[in-house]
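Participant: Place chains B and D on chain U using the hints.
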Amino acid sequence: MPESTNQRITSVGIDIGTTTTQLVISQLTIENTASGTLVPRVEITDKEVIHRSRIYFTPLLDRDLINAVEVSKIVETEYMAAGLTPEMIDTGAVIITGETAKKENAKAIIDALAGFAGDFVVATAGANLEAIYAGKGSGAALYSAQRHQVTVNIDVGGGTSNYAMFHEGKAVDSSCLNVGGHLIEFERQGDRITYISEPAETALKHRGQRLQVGERVTLPQLRPIVKAMAGCVVDVLKTSVHTELTKELLMTPPLQLAHPIRKVMISGGVADYVYALNGPMTMAEVTAFGDFGPLLGWELKVCLERDGFVLEKPEETVRATVIGTGTQSVNLSGSTIHLQENTLPIRNVMVISPFTSLIPETPQSIAEVIKKEILRLQVDRFEGIVAIAMKGPRTMSFANIDILAQGLLLGMHDYLCKAKPLILVVEADCGKVLGQCINASVNKPLEVICIDQLEVDNCDYIDIGKPLMGGRVVPVVLKTLVFNR
Amino acid sequence: MILKAKVYNKIFAFQSLKEVMAKANEEKSGDELVGIAAKSASERVAAKLVLSNLTLEDIYNNPVIPYEEDEVTRAIYDGLNLRIYQEIKSWTVGYLREYILDHKTTGEDLTHISRGLTSEMIAAVAKLMSTMDLVFGSKKMRVQSHCNTTLGVPGTLAFRCQPNHPTDNIEGMLASLKEGLAYGSGDAVIGINPVEDNVETVTRLLDTVKNFMIKWEIPTQNCVLAHVTTQIKAIEKGAPVDLVFQSIAGTQKANDAFGVNAAILDEAFALAQRKGTATGPNLMYFETGQGSEVSLDAHLGVDMMTLEARTYGYARGYHPFMTNNVSGFIGPETIYSGREVIRADLEDLFMGKLHGLPMGIAPCYTNHMKADQNDQEMGTLLCAMAGSNFFMGVPGGDDVMLSYQDTSYHDDASTREILGLRPLPEFEKWLEKMGILAKGKLTERAGDPSIFDK
Amino acid sequence: MTVANNELEKVIIQSVMEELAKKGLLSHKGKDQVMAAAMMDTPLVPNTESEEMVTFPPQEEMQISNPFNADAVKAMKKLTPARIGIGRAGTRPKTMSLLRFLADHAVAQDAVFLDVSEEFLRRMNLMSVQSAATSKDEFLQRPDLGRRLSEEAVKIVSEKCEKNVQVQILIVDGLSSTAIEANIPDLLPALIQGLKSAGIKVGAPFFVKNGRVWVQDHVASIVNSEVIISLIGERPGLGTAESLSAYMIYRPNENTVEADRTVISNIHKGGIPPAEAGAHLTDVIQQILAAKASGVKLNQQK
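Chains as they are written, first to last, in this note's numbering: chain U, 63 to 547; chain B, 11 to 464; chain D, -18 to 283.
Watch out, some of these pointers could steer you wrong.
[As the list claims (entries may be wrong)] Capping the alpha-carbon separation at 27 angstroms, the derived lysine-lysine pairs in DSS-like fashion look like this: (1) 309(U) - 325(U); (2) 232(U) - 464(B); (3) 380(B) - 75(D); (4) 55(D) - 220(B); (5) 464(B) - 59(D).
Worth flagging that the hints you see were computed from the coordinates, not collected in a lab.
Excised from the complex, chain U in its bound form (with noise of 0.2 angstroms):
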């Protein structure tokens, strides 16, 4: 089996937000780091970024509806520039963000980017995700471990806010408020209001005060509703007892302040006016691109230091979303794993975790709580295909891996029947020798991919990647992520 000591992948990440959309395209370093007489370790060595973007508007059919014509041709000239086809493209994500994941638009740029990304690209929504791929972007990530603090990273853009707590480097905690730069639209570098959203009605309401499209507003008369938007973005900061506009436009659960805060990036479009030395001092100037993403950011910055948060720069700003999204997507399996298989990629394999504790003591009653779960969750309704999820065996005995293996196989029976392969996903360190007994249990040919030291517990989806250095391991895409809940 041939074994090169590093290989390199190309990972692409599209970012289709409220405001702006965006791509890059990383390439990722993958390499054996385990030394001389120890059993191979792969790991992401190296993520270096070899395109950016332009910074696109999202293209809009109208208000509610993206363009996804447009954003395909959008991926089309940028992998031109990039000098690369979708064929070269191996892996990464496209994440709708921000207002735009509410409307019903993602079926539709999954469709129009189908041919454009490449044989392994993922589309992917949710505002937990985002969130984290814009704190690892940003580098709040590597802050908190670096500095060994716990930072947050709020990701500000046109139509929402995204918190994602870091502690030493991990994400911790996650939340999503309604609250963006452009949710009140005005035309460009003048005062008249062209657009009001939803959520500014929330606070116009709140407020008590009135404002209407095509009226023309003034800056003072603006900045206290600006004021009590920047306020709700630090409300979810400071306390869980929160004021009733900021419970409005929560959008998911708060952040559970588990830890206390006091360092804070923020990145998105409207982090370059939080680090600004002065606030836009006429309307000009706030409305510079037709919203009031200046103002908020400047308003972010005043109560964020009046209650005593200290702000840090972060690497990227309005970048971070798709740079987070682009080089840290993919996750890679264990490095000893059995595959016996000839379908990989696979996309959208449905997680089934039918472990909630402690897995039995005898196959028979393993394979009851997998046939119940599967019963439970209609699999046999289910065309695709899915993946048995689970910390580990028992212990980590070979006798009480050998009895996972029979339970599955038993718990499995009628799924495989159907000729599909039996796909496992393994916490602990033990996806070979389960493969491996699984291969000595049966008679009949039979796909196995054993995966392990991967947590998929809290995801829907997984995609399986080809396998990389010589079949040693598997990259995989997790397709949501939910904290705590």
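Facilitator: Then chains B and D, alone, in the frame of chain U:
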């Protein structure tokens, strides 16, 4: 040359100086393994008796490994001051012992005659010395050297901070470094043993430590203990190296096994002078240990202690900043018990100093030896009393990369306070500035690695 | 134990006990016992039947009082297995650090100096032979003796072992009997299952006492297997005494050098778990059989 002796009613005859040298040694498992150790306690004393009566000239005329066959022998003989040798060549080894211990003989006197002594002469006299003799003799000699700071200043005791990590993880290494500094360890050098001996790893570690030294204004030197050829490549590529490290041994054959010879060491020294980051003039760091020639099967029938002395003879031509002895690291087939380690450490400290080397000792042990923490602590205190210039500093005494035990950060601070010794002057100022040390004692704040994490 | 006979003493004892209990130095049950003994006129007798015992606090526990940045210390402890963030008593280690160090060294020494138990060998159904080293002392001081079988062992192996198999498995105590007892029960069945599933002919595994790696060359010269694999205890560190290595070689002979061996190390529950290692070793052995080479020669063929 008389090679026969009578101990009371028993007569012992020896065939060669080499045999006498081996049999005069205190018991060590490596000499037993090679089959050259004394067969009885009486024979051991007989060998010492014969040795005491030999002149330095006898030893000069009978090198244990011929000049023509061995680079180490050549380095020893070529580097000898013949004028001084001529003055003392008629001394017996027994007289040399008494001269060393005599109250009238000062450290300067010893440094002077040192230049006329071959390594075998130095080994010979050490074989006649008891534990307290060795401590007494060692204490007289004080060898100073200078890289970025001065090592060996009277009244000081320095430490190498050794923040090794089992996978060369940078953050993990830094964690151990911070802990060490917070205990006042690291004035001799911040020296890391890498797992991966390649230019990338070595450069990354050197850069990290150097940047840390600059950021916190730490007056010390950096070093990564990779093979010398790897360090040469790293320096060529611009890596910041204060000290160039290499393990060396007492025979050409053993040095071949280490992949090192005079040409390579010359190149490394020259490169450190031209492209290194240190002030100098002392730019080398050597490690040695009794038994390495045995474990490499390159002893040529010579005893471990004599080979160790020859290693020092080889080292002194490079004017190292520091020479560290790790006899306890080699293994039970060469040094088996705590008692053997302590004896070897004291012999090595004495022999190294009499070679004019800035000696430090690692009174260490491995888990497959019959030695424990008590042995290590006894060895440490004895070596400190004998005036070792430095020891190692390992977190909690447990090196998680090399899997052996050595002096801990705690031991470092303890030894200083027990014996009233201070850190090197520049480093002490820095410790005071950081609030780690006050009046030579650890402060309340000391021992907390997070003082570097603001 | 002095009997408390006035109120003040009672209060003092009570508060001391509570403080000790709070710090985890005295269990609540223990506290009650001491209190009871102090208050009543009965002598304190050691309760040896109790389930309670003294043990070490968790390793990650913060040992530094008033650290500058407690999060940083905690994080640093996670970044390295080194003994950092352990605090001090004067310049000396805290009592728990000292005792933990002694315990770890004791465990390491026991792994080196104690033999694999007879009961274990019976349970694993392993035939046992000995190297030419007759004691642990001799084994440690004479590496040459551990590299060959005793004369008696030569006879036993010649008589009892199947010849000309594809793979012969040896279990060798090496420098850690603990590693053998901790890993073999899960590693061996996984390895044998893997090899048999691959249709490879395996000789009955057996145990060599006081053996070193090279003893495999001697055994191979008798059983004439294609590949010989030694599962041998590694020199224990203070971190773990359970680490095992696998040394594999294809048809060793008198010209064999170290570089001809393929080695997988760090097999234990904190490294690569033994059962998983068994499955991985199956792959490696298949590669060796296919290439008819091991060690550096195998790597060159890759």
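Participant: All hints are to be evaluated individually against the structure, with a verdict given for each.
Facilitator: Right, here's what the structure says about each hint:
no., hint, in the structure
1, 309(U) - 325(U), "23 angstroms, holds"
2, 232(U) - 464(B), "20 angstroms, holds"
3, 380(B) - 75(D), "25 angstroms, holds"
4, 55(D) - 220(B), "25 angstroms, holds"
5, 464(B) - 59(D), "19 angstroms, holds"
In the structure shown, no violation is registered for any of the earlier numbered hints.
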